[in-house]
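Protein chains in written order, with the working numbering: chain A, 1 to 349; chain B, 1 to 180; chain C, 1 to 414.
Derived from the structure by calculation, the hints contain no laboratory data.
Be a bit skeptical, because a hint or two may be false.
Said to hold, decoys possible - Computed list of lysine-lysine pairs in BS3-like fashion (alpha-carbon distance at most 25 angstroms, straight line):
no., chain 1, residue 1, chain 2, residue 2
1, C, Lys199, A, Lys2
2, A, Lys274, C, Lys209
3, A, Lys277, C, Lys379
4, A, Lys322, C, Lys199
5, C, Lys164, A, Lys153
6, A, Lys274, C, Lys57
7, A, Lys3, A, Lys147
8, A, Lys300, C, Lys379
9, A, Lys274, B, Lys179
10, A, Lys153, C, Lys172
11, C, Lys199, B, Lys179
12, A, Lys3, C, Lys191
13, C, Lys39, A, Lys322
14, A, Lys274, A, Lys3
15, A, Lys3, C, Lys198
16, A, Lys274, C, Lys377
17, C, Lys191, C, Lys44
18, C, Lys164, A, Lys300
19, A, Lys147, C, Lys191
20, A, Lys277, C, Lys164
21, C, Lys399, C, Lys387
22, A, Lys3, A, Lys218
23, A, Lys332, B, Lys179
24, A, Lys300, C, Lys337
25, C, Lys198, A, Lys322
26, B, Lys179, C, Lys164
27, A, Lys294, B, Lys179
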Amino acid sequence: MKKITMTRRIVQVFCLILLVYGGYIFKEWKQSPETEQSLFPALKAPAGSISITKLEKGSILWPSGATPVIENYPPSLVCRFNPKGGMFKACILHFFSENLTWQTQLKYLLPYITLFILLCFLLGRMWCGWVCPIGTTGDFLTFLRRKMNIPVKRFPQNFRINLSFTGYGLMAIALTISTIIGMPNFARYQCYWFLPYCQICPARLICPLFGLIKPNWKDFSTSITTTFTILAWIVLGLFIAAFYFGRRVWCHMCPVGLINSWFNKGAGVELHKKSIKCIKCGYCADACPMGLTKMYEMDKDGIYNQNSCIMCLRCVEVCPRKGCLSVKFFGKGIKIKDFFRGKNAKKIS
Amino acid sequence: MKKLLLFLIPILYGLAYGGEQIQIEFEYPSITGDFYVAGTVFFPPAAAPDLKKILVMDKDTREEIPSKIVVQDNWPDGSVLSAEIVFPANSQKKGKYIIFYGDDVERKKSFVEAAVLPTVSFIVPGAGTTVENMDVSVGQINVRVDRSTNIRYWWYILPVFFLILLTVLRTLRTIRMQKL
Amino acid sequence: MQKKFLDRYGRTVLKGFTSTRSIKSNANSELLEYSSRSKNSSMKKFYQASEDFETGKFLYPEKPVVGYFCSLVPEELILACNLHPVRLCCEENFWTQAGEEIIPGDVCPVVKSICGKFYNQMYDRFDLVVVPGSCDPKTKLAELLSPLKEVYFLDPGRDCEYLKNADIWEEKYTKFFDFLKERFHCSSGRKHLLSACKKTNARTEIFRKIYQFRTRNPEAINSFDYYIMIYASFFMDIEIWNNLAENVYREALETREICKNPKILLAGTPVIFPNFKIIDVIEQAGLSLAADIQCTTFGRFYNPVEIDEDTDSGIIRALSLKDIAGSICPCLLNLEKLVNLIVDAVSQYNLDGVIYYNLRLCQVFDIQTAVIRQALKEKDIPFISIKTDLGNQDTGQLKTRLEAFREMIESHRK
Ligand code: SF4
Ligand code: SF4
Ligand code: SF4
Numbered sequence: 001m002k003k004i005t006m007t008r009r010i011v012q013v014f015c016l017i018l019l020v021y022g023g024y025i026f027k028e029w030k031q032s033p034e035t036e037q038s039l040f041p042a043l044k045a046p047a048g049s050i051s052i053t054k055l056e057k058g059s060i061l062w063p064s065g066a067t068p069v070i071e072n073y074p075p076s077l078v079c080r081f082n083p084k085g086g087m088f089k090a091c092i093l094h095f096f097s098e099n100l101t102w103q104t105q106l107k108y109l110l111p112y113i114t115l116f117i118l119l120c121f122l123l124g125r126m127w128c129g130w131v132c133p134i135g136t137t138g139d140f141l142t143f144l145r146r147k148m149n150i151p152v153k154r155f156p157q158n159f160r161i162n163l164s165f166t167g168y169g170l171m172a173i174a175l176t177i178s179t180i181i182g183m184p185n186f187a188r189y190q191c192y193w194f195l196p197y198c199q200i201c202p203a204r205l206i207c208p209l210f211g212l213i214k215p216n217w218k219d220f221s222t223s224i225t226t227t228f229t230i231l232a233w234i235v236l237g238l239f240i241a242a243f244y245f246g247r248r249v250w251c252h253m254c255p256v257g258l259i260n261s262w263f264n265k266g267a268g269v270e271l272h273k274k275s276i277k278c279i280k281c282g283y284c285a286d287a288c289p290m291g292l293t294k295m296y297e298m299d300k301d302g303i304y305n306q307n308s309c310i311m312c313l314r315c316v317e318v319c320p321r322k323g324c325l326s327v328k329f330f331g332k333g334i335k336i337k338d339f340f341r342g343k344n345a346k347k348i349s
Numbered sequence: 001m002k003k004l005l006l007f008l009i010p011i012l013y014g015l016a017y018g019g020e021q022i023q024i025e026f027e028y029p030s031i032t033g034d035f036y037v038a039g040t041v042f043f044p045p046a047a048a049p050d051l052k053k054i055l056v057m058d059k060d061t062r063e064e065i066p067s068k069i070v071v072q073d074n075w076p077d078g079s080v081l082s083a084e085i086v087f088p089a090n091s092q093k094k095g096k097y098i099i100f101y102g103d104d105v106e107r108k109k110s111f112v113e114a115a116v117l118p119t120v121s122f123i124v125p126g127a128g129t130t131v132e133n134m135d136v137s138v139g140q141i142n143v144r145v146d147r148s149t150n151i152r153y154w155w156y157i158l159p160v161f162f163l164i165l166l167t168v169l170r171t172l173r174t175i176r177m178q179k180l
Numbered sequence: 001m002q003k004k005f006l007d008r009y010g011r012t013v014l015k016g017f018t019s020t021r022s023i024k025s026n027a028n029s030e031l032l033e034y035s036s037r038s039k040n041s042s043m044k045k046f047y048q049a050s051e052d053f054e055t056g057k058f059l060y061p062e063k064p065v066v067g068y069f070c071s072l073v074p075e076e077l078i079l080a081c082n083l084h085p086v087r088l089c090c091e092e093n094f095w096t097q098a099g100e101e102i103i104p105g106d107v108c109p110v111v112k113s114i115c116g117k118f119y120n121q122m123y124d125r126f127d128l129v130v131v132p133g134s135c136d137p138k139t140k141l142a143e144l145l146s147p148l149k150e151v152y153f154l155d156p157g158r159d160c161e162y163l164k165n166a167d168i169w170e171e172k173y174t175k176f177f178d179f180l181k182e183r184f185h186c187s188s189g190r191k192h193l194l195s196a197c198k199k200t201n202a203r204t205e206i207f208r209k210i211y212q213f214r215t216r217n218p219e220a221i222n223s224f225d226y227y228i229m230i231y232a233s234f235f236m237d238i239e240i241w242n243n244l245a246e247n248v249y250r251e252a253l254e255t256r257e258i259c260k261n262p263k264i265l266l267a268g269t270p271v272i273f274p275n276f277k278i279i280d281v282i283e284q285a286g287l288s289l290a291a292d293i294q295c296t297t298f299g300r301f302y303n304p305v306e307i308d309e310d311t312d313s314g315i316i317r318a319l320s321l322k323d324i325a326g327s328i329c330p331c332l333l334n335l336e337k338l339v340n341l342i343v344d345a346v347s348q349y350n351l352d353g354v355i356y357y358n359l360r361l362c363q364v365f366d367i368q369t370a371v372i373r374q375a376l377k378e379k380d381i382p383f384i385s386i387k388t389d390l391g392n393q394d395t396g397q398l399k400t401r402l403e404a405f406r407e408m409i410e411s412h413r414k
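This is chain A alone, in the form it adopts within the complex (with noise of 0.2 angstroms):
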């Protein structure tokens, strides 16, 4: 393994614990009466409102044993499901379709967005190759079908373009019915639709599972439920095989990932390319987990940031040509050598 990716999984690994089990780790920190106020205070359900209070014991949405998570909403997926002890309430389609259907005013949750936009603005899709714990869920699938020695299914573009619509369709589709319900004459259904995305991502049956907890696998109590439950497998099941058969496909339909994804153009990580250096041959295309070309491509010096790339820079990586791809932030090489060797380090070399 090479020195990007070797970064990479430790970045993931420590992201999954610190996300998943942070709140464990800095249990004391957390409850620690000299913390002040947060500069993000807590978003709570307005009082008595039926979402929450008409809730079901033991519905899909709360597993049971699960505790709260701190309410702030870095760029994306972690999800409510995480067990106790978890760190972050943050997927930002769980942001969204909560406070639609809450009302929450605007002014109220400019913190948050504020956050979320400025992340984003910095590092781009990068949440989604280094942090995510779903996509390195699905990266250890990846590795297990790997050393199973099954070959990767490569999937047509057409293909991923269309996964790609049907998670802008789910999305609409999801935050469309949390502000319906979210009006006083819809509220009664706000017990079985709250959150309707939420009650069929993978993350609901799997983020549990890192704590131990056992999810709300199945609520065959009402025929709206029921519905909920067999899309919920059904998603489930297209998730495992995306991330089993092929690589991050899932992520071509990931609502979280397709929001990140606007910022990609225009974030501050930069991939360019040097295309007198290339000589096409395909590395850095066949070694995409997203399955682009573009830097394969590109017959003209500049930036190819593509609005699916996870930011993982495999791409980087794997040319064999130096300095035909590379990464930059604003147009500035990254050396983290120079970075820790301080400003002289360059005037010497």
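Please build the complex by placing chains B and C with the ligands on the supplied structure of chain A, with the hints as guidance.
What follows is chains B and C with the ligands alone, placed relative to chain A:
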């Protein structure tokens, strides 16, 4: 600048969060002597498994204050959703109080309202309540809270617009570069 | 392959053929001369091995030996089956004349000399020969050799566009791998492939070091040493070669000479022992061969295998990318890549000029010349194309041309 950003990002990414405590605020009434402070607090699901896991604390001395807590509503899993909290205070000793809850918390002191004393209601600042103006009449004391015009909620709009503008400009540049 | 047909007629050809083996080629004396010019004592082993190989005394390891042509055949697959790969490529006047008896006419001299060697039982130890369909003479060569040896014909196609062809390459390489496994009764898998790739990657690493070093200091490992090393890598065991090359590199690091001659880049037909006429002339003309872009050196060694999917098919795919998509073989569709490589190398290593070497009767190299000349003219890089054959008659004339070229470079520098 680059260095600063490089330090800031992980911090923002990983560390921006607060503790599991609730600050309470109330105005000291003009009367002298003891009075009660009361109010309703909402808890996140499963945070406070039962009554015993909630207590009131003096912010400066860290001493537990005897309190009476009545559960009003429960979460589906049995944990406390909202509770009414009453505790005594004294206008001579102007303390600040916080509510502290969680698994590790154990309430030891409780009290019963022995005498009939004036009651002040407290509020929980920072909660995303949708109530903009609140008029609460408790005895002779009237507390008025209005936070709708507080600038601290609105200044965020500037960086948001700035960042979105930058993103759009840079995206256009990238697209132009890729088309050429 | 239609074995029966070829057997019948091939053997007939063979019958009329008079063996030339009793006459000795003069490769040995040339080797002696080159080794005396070497400043690097670690090179001795390479010279020794080359001499052994030329005279047929080379000790192959106790494994089946598989000969192959061209960089388009994946060496790693052969290594993974625990076979000994030997890259065949012969450019020698002596054997060309021997081959003339079998294939007379205006045919590629390399094919002629290979035939000459095969028909004189120089390669008796081989169990299998793999011939790629890279160019037309190679394709026919597969048929000419089939009466003598078992031949596997591997045709990867002439298009090296990754997006279109990756699956085809993977399929063809997999078939080849399956054939090898069946033919030599081994059950090689992922582990063997990985270890084979590790070996070749180690070789790539050493080669890159030497390549970069020579661009700065071409005298410490002179071009004869360099090409003899490359030649030795054709037949030597890869691990032994790695160790020896590492020694050479370490020794070269200690000698620091400053190169005053104009540095040039050699592109075009590969230079293979004993056909060292061109580098001999370059040296005599006062030029330093500091870098090269040829399929035996740069094309074969410069790219590592980048394994992304470490499954069987993933590794095979990675190999196909390295050997075909990244190839600079003139038979494939990659002229743009070659021009880019040359321009980039010249600016990156501060070279002064480009010599394009072209073996007579090889059309593909010939056709490219005009385009490369035009592209380099635009970039204002001195360029000369040299077209010659394997004989020694035109040495003097070449020398005069190169001297003129040097003068041109020197005036261009100012
Ligand atoms: S696309 Fe979704 S699942 Fe994939 S890494 Fe990004 S946030 Fe995680
Ligand atoms: S890996 Fe590098 S050299 Fe190869 S095709 Fe991609 S950009 Fe070009
Ligand atoms: S384009 Fe490069 S950085 Fe982006 S997902 Fe593909 S391999 Fe990773």
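Hint check results:
no.	hint	in the structure
1	C/Lys199 - A/Lys2	16 angstroms, holds
2	A/Lys274 - C/Lys209	23 angstroms, holds
3	A/Lys277 - C/Lys379	15 angstroms, holds
4	A/Lys322 - C/Lys199	21 angstroms, holds
5	C/Lys164 - A/Lys153	16 angstroms, holds
6	A/Lys274 - C/Lys57	49 angstroms, violated
7	A/Lys3 - A/Lys147	21 angstroms, holds
8	A/Lys300 - C/Lys379	17 angstroms, holds
9	A/Lys274 - B/Lys179	15 angstroms, holds
10	A/Lys153 - C/Lys172	18 angstroms, holds
11	C/Lys199 - B/Lys179	42 angstroms, violated
12	A/Lys3 - C/Lys191	22 angstroms, holds
13	C/Lys39 - A/Lys322	31 angstroms, violated
14	A/Lys274 - A/Lys3	21 angstroms, holds
15	A/Lys3 - C/Lys198	17 angstroms, holds
16	A/Lys274 - C/Lys377	22 angstroms, holds
17	C/Lys191 - C/Lys44	34 angstroms, violated
18	C/Lys164 - A/Lys300	21 angstroms, holds
19	A/Lys147 - C/Lys191	11 angstroms, holds
20	A/Lys277 - C/Lys164	22 angstroms, holds
21	C/Lys399 - C/Lys387	13 angstroms, holds
22	A/Lys3 - A/Lys218	43 angstroms, violated
23	A/Lys332 - B/Lys179	23 angstroms, holds
24	A/Lys300 - C/Lys337	14 angstroms, holds
25	C/Lys198 - A/Lys322	20 angstroms, holds
26	B/Lys179 - C/Lys164	22 angstroms, holds
27	A/Lys294 - B/Lys179	11 angstroms, holds
Going down the numbered hints, you'll see the structure goes against 6, 11, 13, 17 and 22, while the others check out.
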